[in-house]
Every structure is written in structure tokens, then in C-alpha cells.
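> Residue numbers (the working numbering), protein chains in the order written: chain A, 1027 to 1404; chain B, 1027 to 1404.
It is possible that some hints are incorrect.
[Claimed, not checked] Reference listing, derived: stretches of chain A covered by chain B, where coverage requires no fewer than 3 residues with Cβ under 8 Å from a Cβ of chain B:
1. 1031–1040
2. 1338–1350
3. 1356–1365
4. 1368–1382
[Stated by the list, open to error] Partial chain B-side listing against chain A, Cβ under 7 Å, derived:
5. 1028
6. 1051
7. 1309
8. 1324
9. 1326
10. 1327
11. 1354
12. 1362
13. 1366
14. 1367
Rather than coming from a laboratory, the hints here were simulated on the basis of the structure.
Just so it is clear, CB atoms sit at the ideal spot from N, CA and C, and this is done for glycine as well.
Number of protein chains: 2
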Amino acid sequence: MAYRIGVIGGGQLARMMVPPAVQLGIELHVLAEVEGSSARLAATAVGDYHHVETVLDFARGVDAITFDHEHVPQEVLAALVDAGVAVHPGPAALAVAQDKLVMRERLTALGVPVPDWAAVRDEHELAAFLADHGGRAVVKTAKGGYDGKGVRVVREAAEAADWFAVLDEAAGEGALLVEELVDFRRELAQSVARRPSGDVVAWPLVETVQRDGVCAEVLAPAPGAGARLVEVAEGIARTVAAELEVTGVLAVELFETTDDRVLVNELAMRPHNTGHWSIEGCTTSQFEQHLRAVLDLPLGDTRARAPWSVMVNVLGGPREGSMADRLPAALAAQPSAGVHDYGKASRPGRKVGHVTTLGDDLDDAVARARSAAAHFDA
Amino acid sequence: MAYRIGVIGGGQLARMMVPPAVQLGIELHVLAEVEGSSARLAATAVGDYHHVETVLDFARGVDAITFDHEHVPQEVLAALVDAGVAVHPGPAALAVAQDKLVMRERLTALGVPVPDWAAVRDEHELAAFLADHGGRAVVKTAKGGYDGKGVRVVREAAEAADWFAVLDEAAGEGALLVEELVDFRRELAQSVARRPSGDVVAWPLVETVQRDGVCAEVLAPAPGAGARLVEVAEGIARTVAAELEVTGVLAVELFETTDDRVLVNELAMRPHNTGHWSIEGCTTSQFEQHLRAVLDLPLGDTRARAPWSVMVNVLGGPREGSMADRLPAALAAQPSAGVHDYGKASRPGRKVGHVTTLGDDLDDAVARARSAAAHFDA
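Generate coordinates for the entire structure from the input sequences, incorporating the hints supplied.
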């Protein structure tokens, strides 16, 4: 009997699980939010992941449930576990990814370096934090933020007034997260994968370039990263994966500070944009590894296939027409580029695809990836 | 609008077109012979490819039709062309792949080196050929052979009596093909891809190891192949692709003779077992390239990603249970192996999967691939 994995959510992460599932002979079942989702080829159901019955129905007969995103409510996760379904990552791990305050608390308790932070329930508390941190800080809603949404740099407590106004104790949202504005040299990301029986493997540390709070480019490995930096980053990700008992891929977004510290910015418990380069760039991609991990199969070799891999996101997509219309020009311009079209309509800022290049020369790989990706923008 | 390709045939070649189609945002529609085919995930229809109406129905709305195999009858192909459907490779090219006598005639007319051959209509003609060629020869049925079927080494004309008895002039099968038994050092394969507008790209020349007429292993590039051998092999494949106006992937199986000649053994006008290594091993795999070519999109870079790639077929599959049952042991033994499970039931000699490894050392890559593949056999 073939292995069978159910994925909740039909976005591009579920879509990119399809190729390794086909390769390994794994049946992938996707519960999509809508018809015509990015992962439509593998969508076996369309429904609302907030509904316990919908999700229980969907999970019948699969060997494991995993996710395209981290938004499935805890009560739905609990119902799956109660029904005897293997859920990876599990509810306790996901709880940390679902609430940035819980995440900061857990990381702090584990001794993992994070920016200075506080839970602030009103403008007075925020004002006090600002006063202690040079008059600037980052305010984040604890839940529901992604790709720069729910994140705001403030100089005055009043700038978060609208968010304080809608805090909802009853929904467990009694505070905002405020963090010091970190003086960082660059952003990094460290991905690891952990299987339920405990093995953890790490991919090379990468540098990520963000624009407007959204990942724009990834350079793998992180240029100039010395052995100490690599060891620290990998140590952090391994600690988090082991201590939180994460199963599947864990991506840790990091700041490399101007004073040479490494601080955890965000966590994602699923394949992550900063790991897309691994599809072409590594012996085992993050998507194949995630499938292996959630089935508790032996994990694969994470080594890079080339000295450099570069990933450039297609953000927004063509203003007119579709990525397909631009494919001839892009492929003609860059015959070595791996073009990924997520099958989504264009929309300003939306992640609709990405391009990966490999090579012996970083600048050349960057130029090729940017050139190909540019054909799909504007 | 996304590109849409219709594939006739639901075997593993159609299955392995799914990952690059997902990546490039191409909609793949497969006409499978049966429910539960290897390419079932992309099967949009199940039906008999001998039936004109079934195929015309299937082809409605696709940008191009291509194939998992070369068995679609010429009258069906003609009906598609008459209906205005883009068919790649086209009927004239496929006619050469469908009939080994036609193939030998065309290659000979093109000046492409082939073994000595003749069309023999009866035992007398075969006996004459045997007398001229040292008393041994290879007899092949002109149509329908694959993987060693329809191929027989004979010393006496009577050994082909059963095949002569069923020759059917009315079906255009008036003769058998007989060829000299070539004294070869090894077998090679050269794949190229050609798009309708004419561009041709070539992959590295590979060595193939056959067992019982079936491809067992592929070493890429062909060990010790000098510049002259590579040039000759690539020249042959480019000539055949251009002169026969092949579109999509063309694989040319070659003999490297003990007296340093290169002779064409067989042609395949589709992704081919000898090119499976390109999935992991090349910047653009034969499956992605085939999709690009049949849509007349610019062709991709065919360079290898590693000094060596090795592919080992899984022939037959586990005597008990499925490949999935053996996956944990295989992945544990060889974390660097790319395991491909075609989702087919085990059957003696049947191609049910393959394993690919990459590396800097050929012997090591061979050992890893064989070790992983061995877990799925016996």
C-alpha cells in the first residue's frame, strides 16, 4: 500500500509537495480552501479547515496530516489527535508557531537568543518599552500575521492604538508583542527537518533579502558565513526543533546583528520560502524531506548540489495576462533558470512564483535568477 | 491562460512529466489506458487510444498532444492533424519509430551508420543473410517490440519460423528485420530535444547497461568517452532529429563497436529510460524539456549538475508487498539516493521504479544506486 499524506491548505507549499510525492509514490490528498487552488491537481476535497467535521472527514484513511500553513485552530487539531490521526507538526508545536507571544516565551525559556521583547496590553506599557529602547520598536499582533502583515515599526505608542482597540481577551489575544528594533547586518534563515522518532537534519544556512517585509531573494549558502556562524544558527534550529518536538520542516528566520549576535526573528513549522532553492539546489529538497519526516521515514541528504544557489521570488506577477504569457521570453533569456509558476492570479505583492539558479559564481547566479524573474513582474 | 498538454498513455513516462508540469504551471491531461495507471494523478480520461473519437475528444482544448509511447496508430494521428491539433512528435516522425524496417531504411538513406540489415520475407532470405554474416544474426519484428520483446538472436532460419508464419501483408508487416550481430564494446545512448521551430539541444552521452534486453543501469556521462566519440554520437542524434523533424525528446541507442565505430541500434521519440538520470542530474531534465519542446518553448540548459550520475532500474519489484514497504530500509541505507516509485504493481521484469545518485566518484555513485535499488528487488 502506498503511503498517504493529507495536507490541509491548497497553497503553493502544498503544490510544491506534489512533485516529490509523485516521485516517491506517496499519495497526496489536499484539503483546499477553494476550487482552483494552487495545489488543485492534488485537491481531493474543498472545505473550511475551521470545521472539525470537514477536517475529520478529510483525514480518514491518511497515514499523516500535515499543513500548507499554520492557521488550523487548536480545537480542530485536538479533534484529529483524539480521532487517532497522526498530526505533524503536532498541536503543541503548532501552538508556538500560531502565537508570537507564546513563541517568544518558549524561546526565552529555552535560552534561545531573541530580540528584547515584552507583552504589552495597552499604550502605557508600549510607551514604557519605547522609552527603554531608544524610542523605536517593532509591534506585532500575536496571531495571524505573515509576509509583513501584522508587523509595524512605531515611535509613538499611539501608532498601535488601532491594534490595542481590537485586542480580544476572550480569544486569547490580550496583548501585543513589542520587540526592540534590531540593528542587523543581514537576515539569515536556517532550516532543519525532524522526524517523530527524533532524527534532525539541517540544510545549509542561507541569507535572505526582504523587501517590504516579504522574502525577495535567497542566497545559499549565506555568503561569507564562517564556521562559528553556521554552528550557532544550526544549533539554534536544532534546539528549537528538538525542544518543541517539531515534526517536518522547521525554518528559523534569524538576524545577524551588527555586533555579531544571532537572534531568532520568526519560526515556521512547514516548508518555507527561504528553502525553495533546495528543490534544485539540494540532494533532498525541503518538500521531499517534509513528506519523509511526517511519515517518519528516514531523512535524506541535505547537501547542496552546487557552490551557489539563488532564489528570486516573483511578487505580484504580470500586471496583464499570466506568467504563462511571459514564459517564452523568460526561458529564452535564461535557459538555466528553474521557473516555478504557482498557478495563481496576479495581485500586487502576492507570491505567484519563483526562479532558482545554480552556479559556481554567486554574482552570475544572482544575475540569471533576477533576469528570469523580471520577465514575470510588471 | 496556462499551457495545456495532452499525453496519450498513462505509463511512467507520463507520470514523470507531472513534476515539471506542476513546476512550470503547465496543465497536463493524460489519456490513460486503465484506471489506476502510473500517471493516474494527471489522468483526465481513460480510454482506448486506437479509437479516433476517444482521442479527438481527449485532444479538445489542449495546445499540443504528445505521447507516453509510440503505439498510437497512424490513422488516429492523421485524424488529430486533420482536426488542427498540434501533434508532437508528428505522424511522419512517429512512423519511423513505429516500424523498425522503415527506421532502418530512413537511417540508411540519411547515411547514418547502422548495423548491416535486411528485410527478410521468409526463411530462405533469412538463411541467406545468416550465411553472409557468420551464421548468427538478430531478428526483430518490425512493429510492437520493446524491452527485448520482438528481438531474438538466431543461428538457424527456422528459429524465426513462428514470426514468419504470422507476418501480415495486409497490416503492412510483410517482412522481418534481420541485422548483423554487432561485436560491441558497450552500449551508449544519446538524447537530444528538438522544438518545432528547429532548435536542438543535446544531453551528455551516457553508457547503458542492458540485461535480458532491458536497460538495467545508466552511467552519465559515458565513462572514458573522448571528444571524438561524443561528437560522433551527438552528430548522429542531431542529424536524425533534424532530418526526421522529430519534436520533443529523441533518444538514440548506440553500439560502440570493438573496432571503434558507432552504430545506431534503436530510436525512441519520447523521454527514454536512458535519460531518467537527468531528473536529478541535469539543469533541465528530459521530462521538463519534452514539455517545453512540444509547446515550442525555448529549450533549457542540458548540463550535468555533478561529475557523475548513475541510474539503476527497479525491475520486477518486491516479490511480496510494494515498493512502499521497502522504502524505509532503502532510504535509511542510502540517504543520497533519489528513489522513484512508478506506482505500479510488481511483476517479473517490469519497470516499476528507478534510483538515481549523483557524485564526484563514479564507483561510489554506482554502489549507492545499486544498494538503494536492491532494497526494492526480490
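> Compare the structure with each hint and give your call.
We went through each hint and held it up to the structure:
{"no.": "1", "hint": "1031–1040", "in the structure": "violated (count 0)"}
{"no.": "2", "hint": "1338–1350", "in the structure": "holds (count 3)"}
{"no.": "3", "hint": "1356–1365", "in the structure": "holds (count 6)"}
{"no.": "4", "hint": "1368–1382", "in the structure": "holds (count 3)"}
{"no.": "5", "hint": "1028", "in the structure": "holds (5 Å)"}
{"no.": "6", "hint": "1051", "in the structure": "holds (3 Å)"}
{"no.": "7", "hint": "1309", "in the structure": "holds (5 Å)"}
{"no.": "8", "hint": "1324", "in the structure": "holds (4 Å)"}
{"no.": "9", "hint": "1326", "in the structure": "holds (5 Å)"}
{"no.": "10", "hint": "1327", "in the structure": "holds (4 Å)"}
{"no.": "11", "hint": "1354", "in the structure": "holds (6 Å)"}
{"no.": "12", "hint": "1362", "in the structure": "holds (4 Å)"}
{"no.": "13", "hint": "1366", "in the structure": "holds (5 Å)"}
{"no.": "14", "hint": "1367", "in the structure": "holds (3 Å)"}
Hint violations for this structure: number 1 only, all remaining hints satisfied.
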